[in-house]
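Engineer: Just so you know, the protein sequences line up as chains A and B, in that order.
Going by UniProt numbering, the first residue of the first sequence is number 1, and it counts up by one from there.
Going by UniProt numbering, the first residue of the second sequence is number 1, and it counts up by one from there.
There could be a bad hint or two in this list.
Covered stretches of chain A (chain B as the covering partner; in silico rule of three or more C-beta atoms under 8 Å from a C-beta of chain B) [stated by the list, open to error]:
(1) 219-225
(2) 274-280
(3) 311-323
(4) 386-396
(5) 401-413
(6) 430-436
One-sided and incomplete, this derived list gives chain A residues near chain B with beta-carbon spacing under 7 Å [as the list claims (entries may be wrong)]:
(7) W141
(8) Y144
(9) S148
(10) R152
(11) P158
(12) P162
(13) T163
(14) G417
(15) C421
(16) E424
If you are wondering where the hints come from, they were derived from the structure by calculation, not from laboratory data.
Idealized CB from N, CA, C, for every residue including glycine.
Protein chains: 2
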Amino acid sequence: MLWQHLSAFLSFSAVFGAALAPWMAGDLSVSLPAVNPCCYYPCQHQGVCVRVGLEGYECDCTRTGYFGANCTSPELWTRLYNLLKPSPAFYHFVLTHFRWFWDIINSTFIRDTLMRLVLTVRANLIPSPPTFNSNYGYISWEAYANVSYYTRILPPVPDDCPTPMGTKGKRQLPDAQLLAERFLLRHKFEADPRGTNLMFAFFAQHFTHQFFKTSGKMGRGFTKALGHGVDLGHLYGDNLQRQHQLRLFRDGKLKFQVVDGEVYPPSVTEAPVHMVYPPAVPKEKQLAMGQEVFGLLPGLCMYATLWLREHNRVCDILKREHPTWSDEQLFQTARLILIGEGRRHRGSPRPTSHGDLVPSGSAGPEEKAAELEELYGDIDALEFYPGLLLEKPQPNGIFGESMVEIGAPFSLKGLLGNPICSPEYWKPSTFGGATGFEIVKTASLEKLVCLNVKRCPYVAFRVPDATAGGTAGSSRGGGGGPSTEL
Amino acid sequence: MLWQHLSAFLSFSAVFGAALAPWMAGDLSVSLPAVNPCCYYPCQHQGVCVRVGLEGYECDCTRTGYFGANCTSPELWTRLYNLLKPSPAFYHFVLTHFRWFWDIINSTFIRDTLMRLVLTVRANLIPSPPTFNSNYGYISWEAYANVSYYTRILPPVPDDCPTPMGTKGKRQLPDAQLLAERFLLRHKFEADPRGTNLMFAFFAQHFTHQFFKTSGKMGRGFTKALGHGVDLGHLYGDNLQRQHQLRLFRDGKLKFQVVDGEVYPPSVTEAPVHMVYPPAVPKEKQLAMGQEVFGLLPGLCMYATLWLREHNRVCDILKREHPTWSDEQLFQTARLILIGEGRRHRGSPRPTSHGDLVPSGSAGPEEKAAELEELYGDIDALEFYPGLLLEKPQPNGIFGESMVEIGAPFSLKGLLGNPICSPEYWKPSTFGGATGFEIVKTASLEKLVCLNVKRCPYVAFRVPDATAGGTAGSSRGGGGGPSTEL
């Protein structure tokens with residue numbers, strides 16, 4: 001089937017193949033007796049290494065586009081593709097220049113066709129069903145069926161390898177504190193070159209905390225957010241019991257309290273759910289929200305308040321159209337509308353590389369490389385996250401190519417994999433009719449704020465333009481072409 | 001996107017539209033005040049009915065291929081399709097005749113292409129992600145995310161309707177016992193016209209009990225088999241705790257006991273799991289198996305024993321090739337191989353309509369119709385299951401068209417939706433290498449039996465041919481063409 005070959009092919013060679021930095025790739029050393037030969041990472045191009053007998057291994061090259069003992073010989077189509085394939089840097093250049101050309105494209109149907117293709121191909125780079133996780137470096141039913149695991153695309157380093165990264169590097173990884181201080185700690189303020197503001201930073205943090213909820217109890221490879229995506233568990237709770245505590249059970253609404261004539265989340269005494277607050281804060285001063293930790297930062301609390309008001313506002317609209325609907329149907333339909341809105345905001349104009357939050361360090365590139373090599377013993381033993389954060393930034397960017405090339409498909413998969421994107425769900429009746437569907441399709445950050453606060457302030461993900469004086473939601477310095485995050 | 005339209009279109013018109021018997025379809029009566037207008041089923045062609053205001057409704061006709069207030073006007077493509085579409089009976093006729101033609105097709109690549117198309121189109125008739133269930137007649141996040149529910153394709157009758165089936169029929173449904181006795185009870189033995197034997201009946205029962213496990217505690221709309229498919233939960237248990245009790249934790253194997261020199265499931269004293277046995281059976285005589293009820297029937301116990309032996313046999317093969325593998329990797333890989341084998345057996349030669357188990361009743365068709373009309377008050381108020389079982393059988397079949405046209409896509413979806421069918425999983429390394437992959441691809445009922453018992457008996461899903469004297473696994477009277485179950 002063509003699509004299978006196409007997606008697998010693009011997956012392995014275009015993204016992970018081409019973006020394979022030295023700290024991700026293995027090498028082809030000859031295996032020593034007693035060492036698991038897969039620790040040498042002999043299989044190239046995402047071929048799967050299977051240990052056979054006592055000292056042997058086999059590479060499964062199925063659908064990698066390569067063959068041979070180590071999946072190193074390109075098949076005919078792979079050879080042709082590699083010959084013709086432009087580099088990601090070239091794509092980036094084309095996409096961020098030639099504005100006149102993109103203006104023409106954007107005014108025709110070609111735009112939609114191209115975007116559909118790009119989005120589908122990029123989202124398909126993420127394996128589905130999931131493959132590996134921290135405990136299973138091989139395909140297994142447990143890894144597939146146990147939704148408590150965070151998934152991985154590459155298998156973890158086998159347990160029985162001589163060093164933490166396989167065979168390269170030292171037996172002990174460097175101290176995380178030391179790494180952070182030497183490479184990531186900023187010593188002076190650096191303004192974001194794209195003018196991203198805290199409204200964006202908190203939006204991103206608020207948004208991602210619905211699916212990144214590492215389980216302290218089960219361990220770091222596990223999540224408590226079993227929806228694994230945009231289910232608005234940070235608003236409705238990540239389990240049914242919590243949801244029921246937060247619901248008013250009248251007109252589909254969530255519990256709330258009124259302070260100075262404005263609506264806020266209820267106190268924990270009114271909605272008894274577990275919240276993480278400093279011990280000095282009494283229960284009646286703690287706000288009850290879907291996510292346990294949202295009381296800790298004002299920005300997260302602000303968004304929780306906005307979304308709470310939005311939910312109850314949508315309930316009022318639905319109730320007006322459907323006076324016969326039960327509390328349950330009003331609640332469930334409002335939730336779907338808000339899920340649709342949430343996905344929409346994620347697509348709002350914003351910085352090219354999503355995040356722009358991490359300081360880029362202070363030392364020069366040569367010093368960094370030498371220091372890292374010293375800490376890890378071998379540059380090929382560099383860990384994944386330090387590698388992502390310390391890779392040479394792209395022009396006009398804060399992150400390197402790997403962050404964008406790996407992060408963007410995950411982000412897209414999360415958005416497009418949402419059930420409301422399926423043909424069975426994406427229709428007016430799912431959202432209570434034309435009115436609800438329209439709320440989903442026209443959602444914006446500005447509406448989220450201005451329909452739920454008394455006066456409409458400046459609302460954007462960027463600091464106001466010094467010259468223009470701040471048009472709400474304006475796309476400053478975006479370059480005009482499609483976002484390269486895709 | 002073409003595939004969306006195509007699948008939705010075929011779904012609604014080809015299968016459920018064309019197969020819509022009177023007891024499934026609604027009608028177009030004018031709504032009375034105070035009654036939920038959706039109880040009249042005004043929306044045709046699977047348009048979604050949404051109650052609006054106090055007495056109004058709207059039909060969402062998105063992707064039905066029809067438009068208009070009640071989704072009754074065909075779009076251009078629908079009109080063309082309806083004009084050209086042959087009936088299911090015509091398909092059936094073509095598929096079960098012209099053997100010379102199919103012999104030619106079967107010897108070329110067209111066979112694979114056709115089969116791929118047929119299987120994909122048929123499996124895509126089942127909505128994914130799931131839509132409705134017994135508690136939610138509208139799309140909702142709870143229905144999507146709560147995997148305890150059995151899914152439904154059509155929404156349940158709204159709670160507030162005048163009669164159980166909407167507006168037609170009596171206020172009370174007829175007594176189930178009465179229905180069974182009058183219409184389904186057999187008074188004399190009828191041999192299955194296709195010679196299906198108990199080996200098939202028990203295989204089907206053993207197989208389907210892994211995913212049909214209605215939860216007594218949560219209610220009839222819920223299942224305990226959260227894998228919702230071929231996960232071999234009936235062999236390994238439907239939860240991790242039960243699995244661990246059944247495992248030997250050595251060489252990947254399951255616990256067993258040896259009786260008269262042959263391997264059987266362990267006793268409940270050796271593997272302490274909940275089993276359903278008559279109270280007189282002492283613990284040490286109860287066999288511990290994945291499924292709680294498999295001790296109740298000899299045929300189920302027999303298959304449980306065969307699969308247990310098969311699992312441990314596969315573990316031995318894997319261990320020989322991979323002496324360094326942990327118990328966990330041997331267990332998990334053997335499980336995937338057995339899941340592959342299980343899917344394979346389901347595709348073995350067998351009766352055209354799957355089942356052939358249900359007695360077809362005794363009264364003539366006219367009497368039946370009159371009696372049913374009397375019991376239900378209106379033939380349009382006939383329930384789903386009685387309708388399926390009592391529909392006029394197809395020529396040479398035991399079931400009517402609806403059973404085949406509705407049952408087959410569900411069966412296919414269950415098989416093709418299994419993760420091992422995905423490109424990420426379907427490769428040798430998933431099954432431990434070429435040897436394991438070969439076991440999956442060449443699995444057969446005969447192998448399951450003959451590799452796990454001391455002598456190889458007659459093995460087939462049919463009674464032995466009176467003339468041929470019983471070739472194992474032979475396909476008697478299958479007609480030669482592709483199975484119309486698809």
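Engineer: Does G417 of chain A hold up as a contact with chain B if the rule is Cβ-Cβ below 7 Å?
Structural biologist: violated, 10 Å
Engineer: Is the coverage entry for the region 311-323 of chain A by chain B consistent with the three-residue Cβ rule at 8 Å?
Structural biologist: Three-residue rule met by the region 311-323 of chain A, so holds; n is 3.
Engineer: Given that the region 219-225 of chain A was listed as covered by chain B, double-check it with a C-beta distance under 8 Å for 3 or more residues.
Structural biologist: n = 0 at 8 Å, threshold three: violated.
Engineer: How does the region 274-280 of chain A fare against chain B when you require at least three residues with a CB closer than 8 Å, holds or violated?
Structural biologist: violated (count 0)
Engineer: Under 8 Å between beta-carbons, do enough residues of the region 430-436 of chain A, three at least, approach chain B for the coverage claim to hold?
Structural biologist: holds (count 3)
Engineer: Is the shortest C-beta separation between R152 of chain A and chain B less than 7 Å?
Structural biologist: Status violated, d = 13 Å.
Engineer: For the restraint on T163 of chain A, tell me whether the closest CB of chain B is nearer than 7 Å.
Structural biologist: violated, 18 Å
Engineer: Let's test the interface hint: is any C-beta of chain B closer than 7 Å to that of C421 of chain A?
Structural biologist: With Cβ-Cβ at 10 Å, over 7 Å, it is violated.
Engineer: So, W141 of chain A near chain B? Judge it on the closest CB pair being under 7 Å.
Structural biologist: holds, 5 Å
Engineer: Against chain B, is Y144 of chain A within 7 Å by beta-carbon distance?
Structural biologist: holds, 5 Å
Engineer: Verify the interface restraint on S148 of chain A: the C-beta must sit less than 7 Å from at least one C-beta of chain B.
Structural biologist: Interface hint status for S148 of chain A: violated (10 Å vs cutoff 7 Å).
Engineer: Count the residues of the region 401-413 of chain A whose CB lies closer than 8 Å to any CB of chain B, then report whether that count reaches three.
Structural biologist: With 0 residues closer than 8 Å to chain B, the region 401-413 of chain A misses the three-residue bar; violated.
Hint violations for this structure: numbers 1, 2, 4, 5, 9, 10, 11, 12, 13, 14, 15, all remaining hints satisfied.
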